[in-house]
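Undergrad: Each chain, written out:
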Amino acid sequence: QKEVEQNSGPLSVPEGAIASLNCTYSDRGSQSFFWYRQYSGKSPELIMSIYSNGDKEDGRFTAQLNKASQYVSLLIRDSQPSDSATYLCAVNRVTDKLIFGTGTRLQVFP
Amino acid sequence: DGGITQSPKYLFRKEGQNVTLSCEQNLNHDAMYWYRQDPGQGLRLIYYSQIVNDFQKGDIAEGYSVSREKKESFPLTVTSAQKNPTAFYLCASSMLPQGPQETQYFGPGTRLLVL
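Chains as they are written, first to last, in the numbering used here: chain A, 1 to 110; chain B, 1 to 115.
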């Protein structure tokens, strides 16, 4: 079992729709969870971080964390073609090292 | 302008050659990291440093070496022992060396290709 799992996609959504990206993790002791966006050929940029169970909203982005079920998700409302990218989930293990998933490719079509 | 810089953007390595990738940050961050990214795979940790003159191996350190002589700089050398070096190399930094909530920020990356 991979430590951090994401569906590779592509996830295709129409412009204006809600995109839902999911991530599961195996280490119950994980404490911090991050979503990065990576455009093709570019480096990852931080979108959201979440540390407590529940929802955290920032503009069009909402991160959701459920530690009991060991999953974290990212919702993108009013998706735009500029949101088309690969979204990386990263989880901080108790050893204080980030573990990255392989990413989900999102395609937003007009 | 604060940030993390990596150079060169593209690097070509010949058989048996050692090459060094540069990473500099002016964010006054204590911790610095090197990752490797291959197509279809997540980022894998090569080395990290939490303080000057100290560094630790990550998950795939074989064939690589680093130094941390200055807080701002964390160069990575890809040695000839690394048999499959073609990848996208990413340097990152975070403010504090400890703490599960420390966020890592990435430089623009260096793409290494083998001739």
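No wet-lab data here; the hints were simulated from the structure.
Be aware that one or more of the hints could be misleading.
Now the in silico label distances, taken between C-beta atoms and shown as ranges [unchecked claim]: (1) Lys70/B / Lys67/A: 33 to 43 Å; (2) Glu15/B / Gly41/A: 35 to 45 Å; (3) Ser73/B / Pro14/A: 27 to 37 Å; (4) Asn26/B / Lys42/A: 43 to 53 Å; (5) Ser8/A / Lys9/B: 21 to 31 Å.
Using 27 Å as the maximum straight-line C-alpha spacing, the simulated DSS-like pairs for lysine-lysine come out as follows [unchecked claim]: (6) Lys71/B / Lys42/A; (7) Lys14/B / Lys97/A; (8) Lys14/B / Lys2/A; (9) Lys57/B / Lys70/B; (10) Lys56/A / Lys57/B.
If you want the ones that stay clear, here's a sample from chain A, every Cβ over 10 Å from chain B, calculated [claimed, not checked]: (11) Val13; (12) Asp55; (13) Asp78.
Model, not experiment: these values are computed from the prediction.
All C-beta atoms in this analysis are idealised placements derived from N, C-alpha and C, irrespective of residue type, glycine included.
Undergrad: Decide, hint by hint, whether the structure agrees.
TA: Comparing the hints with the structure gives:
no.	hint	result
1	Lys70/B / Lys67/A: 33 to 43 Å	39 Å, holds
2	Glu15/B / Gly41/A: 35 to 45 Å	26 Å, violated
3	Ser73/B / Pro14/A: 27 to 37 Å	46 Å, violated
4	Asn26/B / Lys42/A: 43 to 53 Å	20 Å, violated
5	Ser8/A / Lys9/B: 21 to 31 Å	27 Å, holds
6	Lys71/B / Lys42/A	25 Å, holds
7	Lys14/B / Lys97/A	32 Å, violated
8	Lys14/B / Lys2/A	34 Å, violated
9	Lys57/B / Lys70/B	18 Å, holds
10	Lys56/A / Lys57/B	34 Å, violated
11	Val13	22 Å, holds
12	Asp55	18 Å, holds
13	Asp78	26 Å, holds
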